[in-house]
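S.K.: Spelled out from the first residue to the last, the chains are:
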Amino acid sequence: MRRSREVVDFTRARTRRYNRARSSVRDLFIDVYSNALAAVCVLMMAGSLIVALRDELTGRNLGGAGLVAARWQVLPAEVLWVVLTYLALVGIALIARRVGPVTVSRAQAAWWLPLPVDRRPMVLPAFRGRLVLVGVVASAAYVPFSVLTALDRSPWAHAGSAVTFGAGALLAVAGAAILQLAQGSARVFRAAVLVGLLPVAVLPFLAPSAWSLAVVLTVTGIVVAYLLPRVGDVPGAELQRGGAVSGHAAASIFLIDVNELRRALAAEPRPGTSRRGARFYARPTRRAVTAVVRADIVAFLRLQPAPVGPLMWLGISVAAALITPTLPVLLQLGVVLVAGCATAAGTGTVARRTAVLPELDALLPISLVLARCSRMLMPALSLALWMSALTGALVAVSSGPSSLILLGAIAGAGMGAGAVRAATRPHTDWTTPPVETPFGTIPRDQVSSLLRGVDMTVLSMAPILLAFYLGTVHPWLILAQTIASATAITVQASTPNPR
Amino acid sequence: MAVGDVLEAERLVVGYAGAPVCGEVSLRIAAGEVLAVVGFNGAGKSTVVRTLAGRQDPLSGDVRIHGLPVMPDAIGFRREVAAVFDGDVFFPGLTAREHLLLVARGHALDSPDVAVDAELAFFGLTERSHAIPEALSSGQRRRLLLAAAFIRPASLLILDEPEQRLDPMMRDALTDRIRQRARAGTAVVLVTHDPRLLTKTASTCVLIDEVLAHVDTERGARIIAGA
Numbered sequence: 001m002r003r004s005r006e007v008v009d010f011t012r013a014r015t016r017r018y019n020r021a022r023s024s025v026r027d028l029f030i031d032v033y034s035n036a037l038a039a040v041c042v043l044m045m046a047g048s049l050i051v052a053l054r055d056e057l058t059g060r061n062l063g064g065a066g067l068v069a070a071r072w073q074v075l076p077a078e079v080l081w082v083v084l085t086y087l088a089l090v091g092i093a094l095i096a097r098r099v100g101p102v103t104v105s106r107a108q109a110a111w112w113l114p115l116p117v118d119r120r121p122m123v124l125p126a127f128r129g130r131l132v133l134v135g136v137v138a139s140a141a142y143v144p145f146s147v148l149t150a151l152d153r154s155p156w157a158h159a160g161s162a163v164t165f166g167a168g169a170l171l172a173v174a175g176a177a178i179l180q181l182a183q184g185s186a187r188v189f190r191a192a193v194l195v196g197l198l199p200v201a202v203l204p205f206l207a208p209s210a211w212s213l214a215v216v217l218t219v220t221g222i223v224v225a226y227l228l229p230r231v232g233d234v235p236g237a238e239l240q241r242g243g244a245v246s247g248h249a250a251a252s253i254f255l256i257d258v259n260e261l262r263r264a265l266a267a268e269p270r271p272g273t274s275r276r277g278a279r280f281y282a283r284p285t286r287r288a289v290t291a292v293v294r295a296d297i298v299a300f301l302r303l304q305p306a307p308v309g310p311l312m313w314l315g316i317s318v319a320a321a322l323i324t325p326t327l328p329v330l331l332q333l334g335v336v337l338v339a340g341c342a343t344a345a346g347t348g349t350v351a352r353r354t355a356v357l358p359e360l361d362a363l364l365p366i367s368l369v370l371a372r373c374s375r376m377l378m379p380a381l382s383l384a385l386w387m388s389a390l391t392g393a394l395v396a397v398s399s400g401p402s403s404l405i406l407l408g409a410i411a412g413a414g415m416g417a418g419a420v421r422a423a424t425r426p427h428t429d430w431t432t433p434p435v436e437t438p439f440g441t442i443p444r445d446q447v448s449s450l451l452r453g454v455d456m457t458v459l460s461m462a463p464i465l466l467a468f469y470l471g472t473v474h475p476w477l478i479l480a481q482t483i484a485s486a487t488a489i490t491v492q493a494s495t496p497n498p499r
Numbered sequence: 500m501a502v503g504d505v506l507e508a509e510r511l512v513v514g515y516a517g518a519p520v521c522g523e524v525s526l527r528i529a530a531g532e533v534l535a536v537v538g539f540n541g542a543g544k545s546t547v548v549r550t551l552a553g554r555q556d557p558l559s560g561d562v563r564i565h566g567l568p569v570m571p572d573a574i575g576f577r578r579e580v581a582a583v584f585d586g587d588v589f590f591p592g593l594t595a596r597e598h599l600l601l602v603a604r605g606h607a608l609d610s611p612d613v614a615v616d617a618e619l620a621f622f623g624l625t626e627r628s629h630a631i632p633e634a635l636s637s638g639q640r641r642r643l644l645l646a647a648a649f650i651r652p653a654s655l656l657i658l659d660e661p662e663q664r665l666d667p668m669m670r671d672a673l674t675d676r677i678r679q680r681a682r683a684g685t686a687v688v689l690v691t692h693d694p695r696l697l698t699k700t701a702s703t704c705v706l707i708d709e710v711l712a713h714v715d716t717e718r719g720a721r722i723i724a725g726a
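Just so you know, the protein sequences line up as chains A and B, in that order. Read in order, the letters of the first sequence correspond to residues 1 to 499 in the working numbering. Read in order, the letters of the second sequence correspond to residues 500 to 726 in the working numbering.
Next up, chain A with everything else stripped away, as it sits in the complex (with noise of 0.2 Å):
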């Protein structure tokens, strides 16, 4: 232990001396005092959106007219908190999961791991360190979920909520190091620390109650009790592994890189799915265009990942029109918009996938735009399907017109434009000069970089959701969903592919 310490100081100390060197206390300066900036207006705005929201919620007309019928509002809003509440510690789970949690650089890797020496040293500080931030960021981040989901509570009883949350991601960030521990029985540990974070997500709303606080706390104090001493036995390919996910996730961050912080964050294709389609794809084509399109049916079968995500936002969708006193209209809207955008960038993974070589469509002996429109037919087929699967649910519970259904098909298939050329977005030039935001400096173009795609989602999404508020369907209606998605197919089919 002691000679593993003193590789460790040692290592860190001569870097500490080398990063000195290179840097001036005015870049400190510089660096800190940008940064806070950024923070506080970060802060203020979101604040201010808070509050504005918080009016309006207390404010508004209880029972009002909402996206269903009134007597299919029969969920209790504290059911849906709950269960966005438990989906956020999993989300946390599973990335934390994906991204180590304990890790190691590729440079400590080479030089750390081969040592006969104790690895806790070598990884525990840095995994001390993000339990730390996840656990105040994670409660900074619940405080505005706290206040618009319990208008009538105290600032300390907000606090306790936003506390017992960042010990809830805490306890998910240390179930899903303990997952890196228990290589040989993942499974049954995975389970179990789904599973556990059920009751954990109930407490926050508890927390005006100090025993809900002190659970939380006494449980996260002994799960990190028992993880700590056993970082070091976490294997040493497992930490690679991490160290080079969050690695690559933490360079996607800094370069503001969305695509490339999915492909970082992208799972491995499951065993289960590398032959799905194999007898399709084998059988014989006479057009290149067919075979073009077979490739692109048999790509998006073998590497979308579980269809969990689109269900989960699927069912937040209709949870958010059932609940009862009934949100207000356009933060219904606003949770569809929300959960429309996720899943249609989570249809993107084939484009991803190519984007990275633009050269292969170069190749193919198919004219580009056909090869673009290929690289549609998936994403527009399984949004098309979701947003139908959307409408009907809505329809079923609601006196809404079937036509409806009719009009989140057509929806979808904008969508699935949007979400390929969210996926084929052109990386951020460094190269010119970059701007001044009140978030801090960020390169030109990088906004623009960032709504492409979502443009044509948004524009794809706008007459169903106006649908939606009316609670009808006038034929123009059709006509301007039709005229959308139609746009956005034409805009996606007709940009280049970026080099």
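Don't read these hints as lab results, they were simulated from the structure. Since the structure is predicted, the reported quantities are computational estimates derived from the model, not experimental observations. Among the clues, some could well be false.
What the hints assert, rightly or not - Chain A residues, not near chain B, derived (Cβ > 10 Å throughout):
#	residue
1	30
2	210
3	223
4	251
5	266
6	287
7	493
Said to hold, decoys possible - Label-pair distances were calculated between CB atoms; the ranges are:
#	chain 1	residue 1	chain 2	residue 2	range
8	A	265	B	539	22 to 32 Å
9	B	541	A	46	51 to 61 Å
10	B	541	A	495	38 to 48 Å
11	B	539	A	233	52 to 62 Å
12	A	353	B	518	14 to 24 Å
13	A	12	B	667	35 to 45 Å
14	B	539	A	12	18 to 28 Å
15	B	518	A	450	34 to 44 Å
We treat Cβ as the ideally placed atom computed from N, Cα and C, and that holds for glycine.
Starting from the known structure of chain A, arrange chain B on it as the hints suggest.
M.R.: Frame of chain A; chain B shown alone:
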């Protein structure tokens, strides 16, 4: 496993995603021996030695080091096995000397500074000892990696094409160093495309191919020289 054997591989099959990259491998090496692994590009030599070093799992078969299964995370395994592979990754803020000091301290050498100075001198890095890896040439970075493998004690040394990026003089020095290390009792597994390095160091030679065969070192040298 015979007494004195450091490494034994029995009917070892290596590869990726369940697909073997070469034929079945069976080999054994005793203390003080140098086993050369030869074959054409893509034959699977590096995959074989990566599996021997515990960097990846075998598809089937058995590898034992000092009679124990390969456990790359065990402290004993890390103490006994040193390996140099293709990639070179360094701490950006540490100098060449500091990298070697790190290894020397991690292995609890009695006089780490003396040992580091000796390795730096042997690999011709004394003048560049205070340079960070980014400032070193490709060949110098390769020397630094080799120095890190030779500075530490090990009963099994695995070298994957150590001659890469080295000039002829350094290749000769490396040849002497491998022989010297073997004489001191270390078992060495060496992947190489250099006939001279092979004939001057190897006591046994295996050809990695679709069908594996044991060959003598002279024949191995002729194979990789294309003769």
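S.K.: Hint by hint, work out which the structure violates, then give me just those numbers in ascending order.
M.R.: The structure breaks hints 8, 11, 14; every other hint is satisfied.
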